[in-house]
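Fit chain B to the given chain A structure using the hints.
Sequences listed follow chains A and B, in order. Heads up: the first sequence begins at 0 in numbering that gives the first Met the number 0, then just goes up one per residue. Heads up: the second sequence begins at 0 in numbering that gives the first Met the number 0, then just goes up one per residue.
No lab work stands behind these hints: they were computed from the structure. Ideal placement from N, C-alpha and C gives every residue a C-beta, glycine not left out. Worth double-checking, as some hints may not be accurate.
Computed Cβ-Cβ distance ranges for the label pairs, DEER-style [unchecked claim]:
#, chain 1, residue 1, chain 2, residue 2, range
1, B, D137, A, S5, 32 to 40 Å
2, B, G195, A, Q127, 56 to 64 Å
3, B, H71, A, P255, 51 to 59 Å
4, A, R76, B, E232, 38 to 46 Å
Residues from chain B shown here face chain A by an in silico Cβ test under 7 Å; the list is partial [to be verified]:
#, residue
5, K105
6, D154
7, L179
8, L264
2 protein chains.
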Amino acid sequence: MTRITSLTTRDIRARTSRFLDGSDAAHADPDYSAAYAILHTDHVDGLEGQGFTFTIGRGNELCCAAIEAMAHHVVGRDLADITGDMAGFWRSVTSDSQLRWLGPEKGVIHLAVAALVNAVWDLWAKQQGVPVWKLVCDLTPEQFVGCIDFRYLSDALSRDEALDLLRAAAPGKAARTAQLHTDGYPAYITSAGWLGYPETKVRELCRELYADGWRSFKTKVGISVADDRRRCEIMREELGDDVQLMVDANQVWDVPQAIEWMRQLDGFNLRWIEEPTSPDDILGHAEIRRALAPHGIRVATGEHVANRVVFKQMLQAGSIDYLQADACRVGGLNEVLAILLLAAKFDIPVCPHAGGLGLCEYVQHISAIDYIAVSASLDDRTTEYASHLHEHFVDPAIVRDGRYLLPGAPGYSANLHTASVAALTFPTGSEWR
Amino acid sequence: MTRITSLTTRDIRARTSRFLDGSDAAHADPDYSAAYAILHTDHVDGLEGQGFTFTIGRGNELCCAAIEAMAHHVVGRDLADITGDMAGFWRSVTSDSQLRWLGPEKGVIHLAVAALVNAVWDLWAKQQGVPVWKLVCDLTPEQFVGCIDFRYLSDALSRDEALDLLRAAAPGKAARTAQLHTDGYPAYITSAGWLGYPETKVRELCRELYADGWRSFKTKVGISVADDRRRCEIMREELGDDVQLMVDANQVWDVPQAIEWMRQLDGFNLRWIEEPTSPDDILGHAEIRRALAPHGIRVATGEHVANRVVFKQMLQAGSIDYLQADACRVGGLNEVLAILLLAAKFDIPVCPHAGGLGLCEYVQHISAIDYIAVSASLDDRTTEYASHLHEHFVDPAIVRDGRYLLPGAPGYSANLHTASVAALTFPTGSEWR
Numbered sequence: 000m001t002r003i004t005s006l007t008t009r010d011i012r013a014r015t016s017r018f019l020d021g022s023d024a025a026h027a028d029p030d031y032s033a034a035y036a037i038l039h040t041d042h043v044d045g046l047e048g049q050g051f052t053f054t055i056g057r058g059n060e061l062c063c064a065a066i067e068a069m070a071h072h073v074v075g076r077d078l079a080d081i082t083g084d085m086a087g088f089w090r091s092v093t094s095d096s097q098l099r100w101l102g103p104e105k106g107v108i109h110l111a112v113a114a115l116v117n118a119v120w121d122l123w124a125k126q127q128g129v130p131v132w133k134l135v136c137d138l139t140p141e142q143f144v145g146c147i148d149f150r151y152l153s154d155a156l157s158r159d160e161a162l163d164l165l166r167a168a169a170p171g172k173a174a175r176t177a178q179l180h181t182d183g184y185p186a187y188i189t190s191a192g193w194l195g196y197p198e199t200k201v202r203e204l205c206r207e208l209y210a211d212g213w214r215s216f217k218t219k220v221g222i223s224v225a226d227d228r229r230r231c232e233i234m235r236e237e238l239g240d241d242v243q244l245m246v247d248a249n250q251v252w253d254v255p256q257a258i259e260w261m262r263q264l265d266g267f268n269l270r271w272i273e274e275p276t277s278p279d280d281i282l283g284h285a286e287i288r289r290a291l292a293p294h295g296i297r298v299a300t301g302e303h304v305a306n307r308v309v310f311k312q313m314l315q316a317g318s319i320d321y322l323q324a325d326a327c328r329v330g331g332l333n334e335v336l337a338i339l340l341l342a343a344k345f346d347i348p349v350c351p352h353a354g355g356l357g358l359c360e361y362v363q364h365i366s367a368i369d370y371i372a373v374s375a376s377l378d379d380r381t382t383e384y385a386s387h388l389h390e391h392f393v394d395p396a397i398v399r400d401g402r403y404l405l406p407g408a409p410g411y412s413a414n415l416h417t418a419s420v421a422a423l424t425f426p427t428g429s430e431w432r
Numbered sequence: 000m001t002r003i004t005s006l007t008t009r010d011i012r013a014r015t016s017r018f019l020d021g022s023d024a025a026h027a028d029p030d031y032s033a034a035y036a037i038l039h040t041d042h043v044d045g046l047e048g049q050g051f052t053f054t055i056g057r058g059n060e061l062c063c064a065a066i067e068a069m070a071h072h073v074v075g076r077d078l079a080d081i082t083g084d085m086a087g088f089w090r091s092v093t094s095d096s097q098l099r100w101l102g103p104e105k106g107v108i109h110l111a112v113a114a115l116v117n118a119v120w121d122l123w124a125k126q127q128g129v130p131v132w133k134l135v136c137d138l139t140p141e142q143f144v145g146c147i148d149f150r151y152l153s154d155a156l157s158r159d160e161a162l163d164l165l166r167a168a169a170p171g172k173a174a175r176t177a178q179l180h181t182d183g184y185p186a187y188i189t190s191a192g193w194l195g196y197p198e199t200k201v202r203e204l205c206r207e208l209y210a211d212g213w214r215s216f217k218t219k220v221g222i223s224v225a226d227d228r229r230r231c232e233i234m235r236e237e238l239g240d241d242v243q244l245m246v247d248a249n250q251v252w253d254v255p256q257a258i259e260w261m262r263q264l265d266g267f268n269l270r271w272i273e274e275p276t277s278p279d280d281i282l283g284h285a286e287i288r289r290a291l292a293p294h295g296i297r298v299a300t301g302e303h304v305a306n307r308v309v310f311k312q313m314l315q316a317g318s319i320d321y322l323q324a325d326a327c328r329v330g331g332l333n334e335v336l337a338i339l340l341l342a343a344k345f346d347i348p349v350c351p352h353a354g355g356l357g358l359c360e361y362v363q364h365i366s367a368i369d370y371i372a373v374s375a376s377l378d379d380r381t382t383e384y385a386s387h388l389h390e391h392f393v394d395p396a397i398v399r400d401g402r403y404l405l406p407g408a409p410g411y412s413a414n415l416h417t418a419s420v421a422a423l424t425f426p427t428g429s430e431w432r
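Here chain A stands alone, though its shape is the one from the complex (with noise of 0.2 Å):
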């Protein structure tokens, strides 16, 4: 038995702004930040599970209230009693009776949902002595669809058709889990191509990670069609014409605008065009894509995304040729495995969102679990990476030759270096003082 005895929250900030990194037509001075779970146990190795959600600075106090508000469902439980039902479990957090106003299944109370609910994975990971991939990848189907909460699904995903995709991918799991053992998952990198960098920076950066064996890449866009012109440019003049290049508009441009002022990119061969218009906007997508497949640029979103719903209607609606789901911004793993399952039904790849404080942490189990027990595949799918703030965690994703390494401590990746908490800690943190 091992009993949840209490939870406490921390507020972690770092302060990217004072570099930009992280800048975007959105966001103009990101702080990268993280609003932590912690679940205290009664477990004889003072085991403990750390989860958090992914912010940009202020506000993620709101994030850690949230989370406060939660501890009812989880302090006092028994972990086997939570694990054994986890689609109940989420169920019951998700639908808290007063709480789920404040959403439901969005915004900050969602963002909470996912710190609480990945602080249990890594607990029930840490437990079992595996990292959280391999849980999952262990699990059977019938277990793997028990996680998962299908309401507001089955007119799309059945738990039936659910438990088929699962079975299908099951003959080979332990062949493509070998094979990323040995070649790591395909990753590409957005650290080259913040909106505030200056061209000289640009280009030195593109220059050190192409020769570091990156050969995906994306920039940020949409200030003004000559500035993105540029920036191609730059890049492309620096890369290649063989790298894949995307690029990024966080959501700055309405419907018709955003197929305009696309078009005038054109001749770069852009792989995708991300966030082109509000991440609400599911019928916007499908416009936008249609509008953009006669020039070969491709529509992706999803780090906006607030939940599984909306990811069904952009899968329905045929809005995205790439879906992006971000591990905290819908509630935790147990609706990333229901996206991930949503995806294959309609065969669109996954290739998660990451960068931010320990988003890259999060997304190599996410892509791994993706690959050996749900789509099976590796076809046009590349994960993000961002090469900052990963010195602060005692399990760093680690990237070579522009690829994600397995990781093998057990858990989820969360936990933090003891001295990076008490740097990174707001207001009282050293990098806050």
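Below, chain B without anything else, positioned relative to chain A:
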């Protein structure tokens, strides 16, 4: 000059869960609550702007904290500077470069925007000495659209189209105002049909309310088909066949389940089914609407629709017959005005969500604005009313013969009695001690 000198918040909660007032299939025990933003000024008369967002208990503290996190957008500013560019002000608050990550435009952050924005409207109207509905109806079409951020709307409604709609409605404004002064605005009542009420209480309330002049009623459903049929039978027995009867499932069904369930409630001459599934499911609502149309049951939703982008799509996709915007869920009156224009363009009646704590006080203004200045129509329109908690308001909504009377006091009708503030303040007030 009226300068906003400081912002404070109030955590106001009523213990409605004791009597199951407000209970429904998703919210078993609501404690109707409001997070207040109070804008203090240097005005010689000590004018304060008050605005609130509505919640149902736990988590109200998160909304107060979110309002405080937005203080830098108003404190120190001159009121005329804000009201001179209301769209710009609204954009600055909803696009806060760090806080927007927590939404964008949804959940706790957007609920807080509503409180803050509505406090500004309250202050503006008090300064002008008029109720908010009159302040808005007296704006020129150009001033009216100057309050609206058209971002993400231009594929469905341009600024010019909005101007055309407002200009077309302008000629009859005086006559329609006079008509509302005389007759009031048509309403329906939810108070007889809370899910937790026993049969005897429902029967008694139906008789009382019918005797008071009510001819349009709503009841909660969603426990079992048998229970729901029984509830409809009881209400039809008490009310007869000529009153309007609507049902509300509060999001408990999947799409196929909603269709199957509602087919079994055929025969009660139901005007609409409200919130049959997830409020995020634009395509699902459209499918339910198509399936139920042959049964004469129409579809209403909106109290949990996060923002204008989702409403835009519900109109584009033909998801709804009635649009039930919430005065606090979307980002305050500015966004409500955008939604009224969208609905007018698509010729869908707006029947705002109300009840709760103070929502009736807000919607009386919204429906008046819709009739006088935007849609210019009362066809098939009824605004929700629930009969509890009005005693706490200085200028409560007043209904007579099932119609809202036009409010006359300056402001947005949000002020609470001093004694009510003392009693309902959480957790120190007498209601909670």
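- Against the structure shown, which of the earlier numbered hints fail to hold, in ascending order? As far as the earlier hints go, 1, 2, 3, 7, 8 are violated by this structure, in ascending order.
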